[in-house]
Amino acid sequence: MTPVQAYTLRLGDDCLVLGQRLSEWAARAPTLEEDVALLNIALDLLGTARSLLGAVGDEDALAFLRAEPDWTNALLVELDNGDFGRTMARQLLVSAYQVPLWAALASSTDPVLAGVAGKAVKEATYHLDHASAWVVRLGDGTAESHARVQAGLDGVWPYAAELFETDPLVESLVQQGITAAPAVLLPVWQQTVERVLAEATLTVPESSWRPTGGRSGRHTEAFGYLLAEMQHLHRAHPGASW
Amino acid sequence: MDFQQVIDTDGRIEPRDQMPDAYRQTLVRQIAQHAHSEIIGMQPEGNWITRAPSLRRKAILVAKVQDEAGHGLYLYGAAETLGVDRAELLDLLHAGRQKYSTIFNYPTTSWADVAAIGWLVDGAAIMNQVPLTRCSYGPYARAMTRICKEESFHQRQGFEAMTVLSRGTAAQQQMAQDALDRWWWPALMMFGPPDAASPNSAQSMAWGIKRFGNDELRQRFVDATVPQAEFLGLTVPDPALSWDGEHHRSGEIDWTEFAEVMKGNGPCNRQRLEFRQQAHADGAWVREAAQAYASKHRPVA
Ligand SMILES: [Fe+2]
Ligand SMILES: [Fe+2]
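Protein sequences, first through last, are from chains A and B. Under this note's numbering, the first residue of the first sequence carries the number 477, and numbering increases by one thereafter. Under this note's numbering, the first residue of the second sequence carries the number 4, and numbering increases by one thereafter.
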C-alpha cells in the first residue's frame, strides 16, 4: 500500500466506523425527524467511506475481511453510542474536525482525495450544524439534558486528541501538499468546539488522559464487537456475491 | 359544493372543507394506522443494517429505512390536517389502542428476509397504495403519491436483491426460498380480510377513500408476483396455486393466523411495541430539552 493509500484508508475507516455506529440508531431516535437525520448522516459517511475504500482496493474486502489490527480509524469513532447526548457530543467533535480537513483536502494534490473531499465538505458542514444545534439545545435545555450531554462530552472528549496526532506518514503527505498539517486543523477545531460549548453553557472538559492507538491498529474492546456484527454474515459466505 | 357533491363528482376534500364526522374519524384511523406501520416497519429491516453483507446493500438498506421514517412523517402530517397531533397518535400506538400492519409482527431472521420484504411487502404495499393516490381526501392522496414513488423503488431493489440470492450459492438460494416460504402468506394477508368479512370496506368505497376491494387487490398482487417467483426459480409455498386461464388462483388463506396476529399473538407483536415504547421513553428527555430550549429562546414579539 502506498503512503497515500494508507492515509486514504485511515479517513475511510473513520467514516465507515462512525457510519456503522450511527446506523445503530435506526428506529430508536428521540423523534421521527431525528430518525431521518441520523440515518442521513450515516448514509453520507458510508458513501464517503465507499469512495475512499474503493480508491484503495475492493471496498467489501476491506470492510468485511480485515481483522481489528488492520483497521486504522481513530478510537473516537468506534466508541459506543451511549445516549443521544453522547452521540451528539461525539458527532460535534468529529464533524468539527472533518469540516476543515475536507476543506483542506479539496485542494489536495491527490486527485482522489480532492474529489472525495469536495463533496464530503458540504455534507460534513451539515453534520456539524446538526450536531451543534443539538449540543446547544441539550446543554441549554433542561437540568437533566445539561447533565447528560455534559457527561457524554466528558466521556468522549479525551479521544479527540488522537485526531490531531501526527506521524511520519502524515508529515510526508503534508510536505507533498497532499494533506493539511494537524497543527493547522487543531486551532480551527478548537475555535468551533469552544464556540458551540459556550453557547450550550457547557464546560470544556479538561483531561490529561489521551487514549491513542487507532491509527496503528490498537483499538478499544468495543471495536471487536462492532466488527463481529458487521462482518459475520459476509464472512459466513466466502466468495458469495450479494 | 357540499361534501356529497364533491364525493359524487370524484373531487377532492381539503382540510377546511366541511366533512361528516364519521368520514374524518375513518380517515384519522386509517392514516394513523398507516403512519404507525411505516415506523414500526423500520424495525424488522433496521434489524439488518449493521449486518448487511456488502457496503452497497448496507447503503441501500439505510436509505430505505430512512425513507420509511420519512413516510411516517408525511403521514402523521396528513393526519394532523384532520385536527389530531402526532404525539397523541403515538401515545395511542404505544398504548396498543391503534394498530399497524400485521406484516411487521413477523421476524427477520435472515438477510434474505430484507430482500423478501422489499419484493413482497413493498410490492403488496404498492398494490394497496397506488389507488390511495386517488383517495377523496387531498392531503392523504398527495402523501401517497410521494410515498408510492419510493415504495416502487424499494420493491425493485428488493426484487433485485432476491434475484442475486436466487442466482447465488446453494446456501443463498436456500435462504431466498426460506424467506419466500415465510413471507408469502403474511404478504397476502396484508390486503385484509375477504370483502365479505370486511365490514367497513363498503362505506370507505362509498366515500372514495378505498377504490378497490381487498380481494381484487390481493388477486392483482398474486397475478403480478407468481411470475416473478417463477423467474427467480423459487417455489410459491402454496400447493393449491393454479392457473385458471386468466388468473393465478391461490389456495385458502389461514385467516385464524391473521386473527391471532391482529389480537397481538404474532411472533413479534410484543417485541415491536416494546421497542417503540422504549425508544420513545429513552427520547423523552431529548424532546423535553428541545421544548425547554425553544421556549427560553423564543424570539420576543
Ligand atoms: Fe413506506
Ligand atoms: Fe417501503
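In short, the hints are calculated from the structure, not lab data. Every value quoted in this text rests on a predicted model; they were computed, and no experiment measured them. Backbone N, C-alpha and C define an ideal beta-carbon position, used for all residues, glycine too. Hints may contain errors.
Claimed, not checked - In silico EDC-like pairs for lysine to aspartate or glutamate, Cα to Cα no more than 16 Å straight-line:
hint, chain 1, residue 1, chain 2, residue 2
1, B, K299, A, E675
2, B, K102, B, E277
3, B, K299, A, D616
To be verified - Okay, the calculated bits of chain A under chain B, using three or more residues with CB under 8 Å as the criterion:
hint, stretch
4, 608–615
5, 653–665
6, 695–709
Hint check results:
1. Simply put, K299/B and E675/A have alpha-carbon atoms about 13 Å apart, close enough for the 16 Å limit, and the pair holds.
2. Note on K102/B and E277/B: the hinted pairing holds, with a Cα-Cα distance of about 14 Å set against a maximum of 16 Å.
3. For the given pair, K299/B sits about 9 Å from D616/A by alpha-carbon distance, which is consistent with the 16 Å threshold.
4. Counting residues of the stretch 608–615 of chain A whose beta carbon lies closer than 8 Å to any beta carbon of chain B gives 3, which reaches the threshold of three, so the coverage claim holds.
5. Counting residues of the stretch 653–665 of chain A whose CB falls under 8 Å from any CB of chain B gives 0; the rule of at least 3 is not met.
6. Interface restraint, the stretch 695–709 of chain A with chain B: holds (4 residues with C-beta to C-beta distance below 8 Å; minimum three).
Checked against the numbered hints listed earlier, the structure breaks hint 5 alone; every other hint is satisfied.
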